[in-house]
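So you can see what is in the structure, the chains are spelled out below.
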Amino acid sequence: MSAGFHIVVCGSLVPDPLQTLEPIRGPQGPGLKNEMMLPAILDPWAGHALFEAANLAASGGKVWLLSMGPKAKLQQVMMSVAQKAPFELVVLDGPAGGFTDAHFTARALAEAIEGIAGLDRSRLLLFGGWQSASRGAGSTLQMVGERLGVLDQFQGVDEIRVQDDGAFVVKERVEGGGYLVSRCAGPPAVLGWATGNLPEPPNNPQLGMANMRLIMPALQRAEPVPAEPGGLSFASVELPKARRETRLVKDLPPAEVAADILAWIKS
Amino acid sequence: MYTLPTLPGDDVRQIMWRFAERFELQMVVQSARAVARGTVAKLVAEGVRNSHEWNDKKASLLTAFDHSGLSALFMDPAQGGFIEGPKNLALALVAFELAWVDGGSATCSLAGNLALAPIHEKGTPEQRDHYMSRCVPPQPGEDREMLRGAFALTEPLPYVGVDTGVLAGKVRVAEWTPGQEPLLKVEKRGRFITNMDFCNFATVAVDTADERIKTSCMVIVEQGDPGVFDRGAPTLKMVHQLSSTRDPVFNLTVPAGRIIGGYTVQDGVIVPNYSHAEIIGAVFHRTRIPVGLMTTAKLLSAVEPIIRYHRNRFRGGDAAQPGSPRFEQGLQQKEDALHRLLDLWAMGEAGASLGFTAARLADEFDPLEREKDRIFEERGVSGPRRQMAALAEVRDKVLEYARLMSCSEAGRDRARLAELESDPLVRYAHLDAVLNVLIPACKLWNTGAGATMMREAVSLVGGYGITEDCPGFFMHKWTDAQLEATYEGPEAVQRMHLSVTMTSEIFLEQFRLWAEGLEALAGSGFQGGALVLARAMRLWGLTMDHLQRAKDAEGKKLYHRKRQGVTFAMADAVCWLVSARLLIMDVLELAAKGPANPVVADSLEGILGFYTDLCQVQAARAAGEAGRICAELVYGYGDGTGLEEFAGLRARLDAALAGSRLAKDRAGQALAGVMIPEALDYPL
Ligand SMILES: Cc1cc2nc3c(=O)[nH]c(=O)nc-3n(C[C@H](O)[C@H](O)[C@H](O)COP(=O)(O)OP(=O)(O)OC[C@H]3O[C@@H](n4cnc5c(N)ncnc54)[C@H](O)[C@@H]3O)c2cc1C
Chain A
1 MSAGFHIVVC GSLVPDPLQT LEPIRGPQGP GLKNEMMLPA ILDPWAGHAL FEAANLAASG
61 GKVWLLSMGP KAKLQQVMMS VAQKAPFELV VLDGPAGGFT DAHFTARALA EAIEGIAGLD
121 RSRLLLFGGW QSASRGAGST LQMVGERLGV LDQFQGVDEI RVQDDGAFVV KERVEGGGYL
181 VSRCAGPPAV LGWATGNLPE PPNNPQLGMA NMRLIMPALQ RAEPVPAEPG GLSFASVELP
241 KARRETRLVK DLPPAEVAAD ILAWIKS
Chain B
268 MYTLPTLPGD DVRQIMWRFA ERFELQMVVQ SARAVARGTV AKLVAEGVRN SHEWNDKKAS
328 LLTAFDHSGL SALFMDPAQG GFIEGPKNLA LALVAFELAW VDGGSATCSL AGNLALAPIH
388 EKGTPEQRDH YMSRCVPPQP GEDREMLRGA FALTEPLPYV GVDTGVLAGK VRVAEWTPGQ
448 EPLLKVEKRG RFITNMDFCN FATVAVDTAD ERIKTSCMVI VEQGDPGVFD RGAPTLKMVH
508 QLSSTRDPVF NLTVPAGRII GGYTVQDGVI VPNYSHAEII GAVFHRTRIP VGLMTTAKLL
568 SAVEPIIRYH RNRFRGGDAA QPGSPRFEQG LQQKEDALHR LLDLWAMGEA GASLGFTAAR
628 LADEFDPLER EKDRIFEERG VSGPRRQMAA LAEVRDKVLE YARLMSCSEA GRDRARLAEL
688 ESDPLVRYAH LDAVLNVLIP ACKLWNTGAG ATMMREAVSL VGGYGITEDC PGFFMHKWTD
748 AQLEATYEGP EAVQRMHLSV TMTSEIFLEQ FRLWAEGLEA LAGSGFQGGA LVLARAMRLW
808 GLTMDHLQRA KDAEGKKLYH RKRQGVTFAM ADAVCWLVSA RLLIMDVLEL AAKGPANPVV
868 ADSLEGILGF YTDLCQVQAA RAAGEAGRIC AELVYGYGDG TGLEEFAGLR ARLDAALAGS
928 RLAKDRAGQA LAGVMIPEAL DYPL
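Sequence lines, in order, name chains A and B. For the first sequence, the working numbering gives the first residue as 1, with consecutive numbering after it. For the second sequence, the working numbering gives the first residue as 268, with consecutive numbering after it.
Among the hints, a few may not be true.
Keeping only pairs whose Cα atoms sit at most 20 Å apart, straight-line, the calculated PhoX-like set for lysine-lysine is [as the list claims (entries may be wrong)]:
| id | chain 1 | residue 1 | chain 2 | residue 2 |
| --- | --- | --- | --- | --- |
| 1 | B | Lys829 | B | Lys818 |
| 2 | B | Lys452 | B | Lys437 |
| 3 | A | Lys250 | B | Lys823 |
| 4 | B | Lys452 | B | Lys481 |
| 5 | B | Lys324 | A | Lys250 |
| 6 | B | Lys437 | B | Lys481 |
Derived by calculation from the structure, the hints in this document are not laboratory data.
Next comes chain B alone, as it looks inside the complex (with noise of 0.2 Å):
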């Protein structure tokens, strides 16, 4: 039997999150922590957050945010930044140390970086130095006025929310003399716009009103445009009260130069480069895995104040005499109590697994795409549809790369691998098609399950759970985890990206190569659940298989775009296998890793055995959502007959749970022996 010695630290983090190598992360890191668990955490525990108005303590967030570098962060080094290259994994860091404290103070650090990721990821060079480095804070001896921003997406009732695709936010020509840069009309009412109190300009989303401009497109407007900027009346929001939310009014005439990404003209007419659609796609590919990870980081905060409570529940007083095990484990001598935290602390592992793994691969994503977009510029191949068929062309060669790429060292053939992984477009389509169900399904499973277990959190510390008194700021916590899965494509968005791209031949085929090494990783004796994971997998793959070709009584197909109650259930499953899956990887990691590194060495034994167990916690519970949600979709569309084969796999998947519940116990008496500290690194 092991023993767990203390909650796991930063350099147990830095090598399962795999950053143990960047000291740049490092530090950002420490940086965002020192604001979170100072600033941040003096103004929730002053009670800044009972109002809605914004006010100058909530605004002393931004000079900490501009003091620690955090405002600068998403800059390059030649804008005023200082990392060099994709930001994603920084990014992703950092909301995971502010909503540690406080998912508000997160939200109003990102959602400047969203205002500029629109025109980061598809504006002109021009607008990109321009704003990118004029966010900035002045530098001693500058003397300017450092911009903010906001986006401005979602529009009042009836228009956008869910549905992007029907803007009531129009742009039309206010006055085109020739041989002079058009003047544009833009009007756009926002609903919930994060950062409008202070922001002095917006990318604003908006359809064409006029038969000059061709598409819509995205436009950035400033405070200062002639014409309105009203910010608006603020949301009544409950949660997030440190991030500035309002109902804006713009109605303003800017230069056409502000159109996101350009435009041509051709015919008379205005033709955005990027229409609105577009651009959101490409914001929203990166943005949503911080605010995934945002709920995630408040399941693990949420572990040290229980276990400290949970052990001086019956300390003081005459209530409990000092060495008795009333006094000394407290409620840690309940076996509930331990279970269900190891529940909590298993799911916050998971989820940050899967989120940082997606902001690692999206770093390594980042730069592909972009020589993807220069040969397809060098071909001549434009648009999304001939993009998408000339990426079809090198399917078999991607089929081919990931199945070399889960061979073993010795098996694989490295010549033709180093071949596949010279082909840029190969690795392109490949991480594409990984990133495609990473992404969405970190922003829905880390959020929507995050927020229901946050709920457990505030149940296992009993009525203090909802008090402001709560160490930790559970009650905050569990609806803030609300926001986190409503704003940036609530649930519903991130299910229907999922029903799509789960079922492309490259994640079908990758997610059964993931498979088939957790079969050989528990065929080489690991115990943290590989087995009835690789089940669970293995079921979930017959399943899809199964939903695409059966039909129902009255012929039509189960899986399909408008039978959400089939696609967005295997959606849930999915994300549960993933994030259960990619713990395993990163505690193979840290037994990879550990050793060579003195300070975890020591302890290492202790910290993978836990681990171990955690992942055998979560790999079983994975399992038994995944295996639950297609028994329901296989059985419940039919008449039971036929299904042999998954009956088989799905007996056998049970019987792979062998062991699991003495995992638990294993990992619940660690939990009852770890050392905590004295007390809370951030106030009350």
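Chain A extracted, bound-state conformation (with noise of 0.2 Å):
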């Protein structure tokens, strides 16, 4: 019985993990050396999520994506992101990436989920990723729920099954490559997403034009978010030890490419 579901996916940007991604020190704190003009992507988190639940929503029920990022940078992304599910789009022109204060996201995520029109609280699923490419701290979406009085929270979710009498049923990862399988008696409730069961849609631009009628407005009527002063501030950011090395190979089969990792891994 899905048909009554409003689900907010909340996910941002990241940048193209192809990118060179280093670490500086500017003005506002810590960042990505020209982290502007890097083409960026919807979380792939987050994605997982809106696919998700456009999915659950496809027999009934409504899907919002709520976003905070630099809008311009935003705007470009829904240009691949529009195309894949149909959503309405709710935006929060402010900072995005592996620097911020998840306390000072969570807070902006809430108040905008509270100012959604139209959206019943009652039939809530909170979606979003259970950790964001750029940053794994996997707390943000917990703060929201706990924000908003939504205590039924699930991590790392791979499945959910919703049955005839409204409630569903999740799966979620836990330790060992097993799954913790929760029975919820009904929304609302939180669902942090791995990587679900759904492969990203094909681009479909004719969806795409149908969600942009209402996406460039919202874009268009986005308030920055005022930065929070005294929030969070980094002592030090540095590369992980490990220099990242990116190889390209063909045609090697898995076997191989384990064997690699393994032989990587002692050395």
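Grab the two chains, each in its own frame, and use the hints to assemble them into the complex.
Spelled out as structure tokens, the structure:
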């Protein structure tokens, strides 16, 4: 009985992972070199959440994508994301990246959700990534849920199955490749998605054009989120000790890839 | 000294190529890119190009095009498409994105549109609605076979190739019962026909072989029509292997209603409303732009892999230690590696500026052309000759319009400009003159000069360049470019076309005004080679004037249709000049609009510094090419006397090269510091 779900997917942009990501210290604190110029994509974890949400809402219900990020960059990302699933965009023009304060972000997102017209909180499923590709703290979504008083929370979700009575069964990743399977009586709930089960839908410009009718006004309306004075500060930032080495190898069978990684770990 | 932060991203491109406000186009770009760097790149990496035959793997391309909206791109919303209005820029962007990875995939995507183009341009409303909407993939719940088309003009030797006049394909009346629609017998053999493996209809050019049919025409034939629809033998081509090409044989009976554009019956004779030549002229006017851009995409796509190869050349092993210049900069320590890459990049940029400008103007032109047709029909002006005469009457207005447009905002008579602008015939004739040069120039120069430059890309990565392992598929791209220079009208056809169009009074005046504009720009302090380019354009104008008046020792005119040694060379020269100028125009647009774009604004100084120098590099090269050609022609046919004005202007052109090598050095330094992604975003 998914007909009634109101699904809000929280997700923003991250730099394209193939780009050179080099931390630097700027006037506003740490960031990435040329961050504004780097092509961005929808955070992949949030992307999985969005595709799962669209799938769930296909037979009824509604999806909002709530994004906080620099709106000019969000607009670029929407040119692709808007073609993949029907949704309504809610935009906060604020910082996104690996060095934002999760408390600040969570508060802004929670307030934005409270302001969504037509959202029925009793039917709310709050979706997002269980982590972000720009920083794997995995804390934002939990805090958004807490602020909204949504205490049924699931993290590392790979599957949701809705039952006839409106309850749903959720599979969460746990240690050792196992799953924790829970039954939840119904919304509201928070689901922080891992990869889910759905492939990335192909781009569909027709769908994109339909979405854009609401997305562009939402982007134009987006208000800047004032920075929070005295929030998080970083004492130091450095690259992980192990240097990232990208190697392109053609046609390597999986067993050899595994052996290669093993040899690297041992070295 | 500026620094170039990253390679230009979508934000920069959208401003330069003027689709920053057009979200539907931005989405189409994303759609095409996903197919190119996903499905297409995987096929190429798997070696699917290594066969002539069409197969299931290649056919997966069609599914990808259908799913991502590319198959429906050419159609209007009422026919099942999703973009309202003209689609030249949209098609150009898609071809660019696909050819960024593989030219054959772009051909495959465009060939269906080429098949529809005769119907789109000249078909009856019924033909248009029927074929356009049935070429859209079926929507969920719809149960119908999707149509896919082929365009069959070229015939086996010794018939149609460059010369499209002598058709071996024939149409006769098969059966004509009084009061009923005549049935036609269509016989056509095709050579090198794209999409033949899977098309279920074809638009074929045929001549009349029956006194009851007045002229040649184009006819739609369908699989399932009575007779032979033989797909023929596959072309053993060695390029564009992700497209299907065969030599089909058609021998079919079709209703006369399949004559594209319809017909009338006069005195018992079927008179097609359009001859095959009229339709082909209208079709190729537009479809050649995306082909030109396909080669351009290859050049620009080569920049990132070359930089990566050069930088990484000595990394790994103990050939160089981290921190040493050899390790960090690799081959980018060498000036030549930087300079040659800049030459390639600059040519790619100029080609893109030319192609996307042509596409954008073609979008403006389409409705004007329809309006012109409407006006002429209203006034009873029919047939190409009478239309030309009618347009000649507005010539003075067009010249005035061009002059007013090139005046500064402050200096122009706005009321008069508005008055002229409100006359669709004036705008039509103006754009027609401009596009009649820009479009063949794009097809000729982007592909021809581009193919030669692509060889340079192969060289720049050494032995890897000619291997299958070369990131970016350079070898494929180099050879693919040769087909792009050939099909849809080889270089000779474009040069012939330009020989005529670039001498129109309107174009020559516009060209002179462009040179004047560049001089003003140079006077305002712009550093991007405006002066040298202006002088080269003046020199070209002077040369044209000379060639049209001068005669050789035997008293024969120098500028003559038969003297391709003159006309073709001038056509080559004009391409260098218009493309270099349009790059400057696009960079000026970036300078004007960049500050308002928050993504670009922060780094704009560096980006503009680099692009301005790139303009100068290209302007110098273009001026050099044009100057050489003009000098050869002016001196080469005479005794060297009486050419003081030419010699003086040539010397001033050379002098205006001042600083252009310094610009190249600066751009080279920026190139050595630009940040690139860790890896290419499509597989090997
Ligand atoms: C892979 C592929 C796909 C194709 N797809 C299609 C398709 O879908 N539909 C279709 O109809 N055709 C198609 N073509 C055909 C293509 O358009 C022709 O090959 C092209 O027009 C050239 O004709 P030709 O090969 O007969 O060259 P020719 O006419 O023999 O010309 C060869 C060369 O001779 C010189 N030349 C010829 N005439 C002149 C002249 N008047 N002045 C100066 N020089 C001249 C030029 O250098 C020219 O390049 C395709 C070709 C290929 C290879």
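*Are lysine 250 (chain A) and lysine 823 (chain B) close enough, with their CA atoms no more than 20 Å apart?*
Cα-Cα ~62 Å, so violated.
*CA of lysine 829 (chain B) to CA of lysine 818 (chain B), is that 20 Å or under?*
Within the cut-off at roughly 14 Å; holds.
*Satisfaction of hint between lysine 250 (chain A) and lysine 324 (chain B), Cα-Cα up to 20 Å*: With a Cα-Cα distance of about 19 Å, the restraint between lysine 324 (chain B) and lysine 250 (chain A) holds, given a limit of 20 Å.
*Are the Cα positions of lysine 452 (chain B) and lysine 481 (chain B) separated by 20 Å at most?*
holds (15 Å)
*Is lysine 452 (chain B) close enough to lysine 437 (chain B), meaning Cα to Cα at most 20 Å?*
Satisfied, since the Cα-Cα distance of roughly 8 Å is no more than 20 Å.
*Would you check the hint for lysine 437 (chain B) and lysine 481 (chain B), treating anything up to 20 Å between C-alpha atoms as holding?*
Holds: lysine 437 (chain B) and lysine 481 (chain B) sit about 12 Å apart, inside 20 Å.
Checked against the numbered hints above, the structure violates only hint 3.
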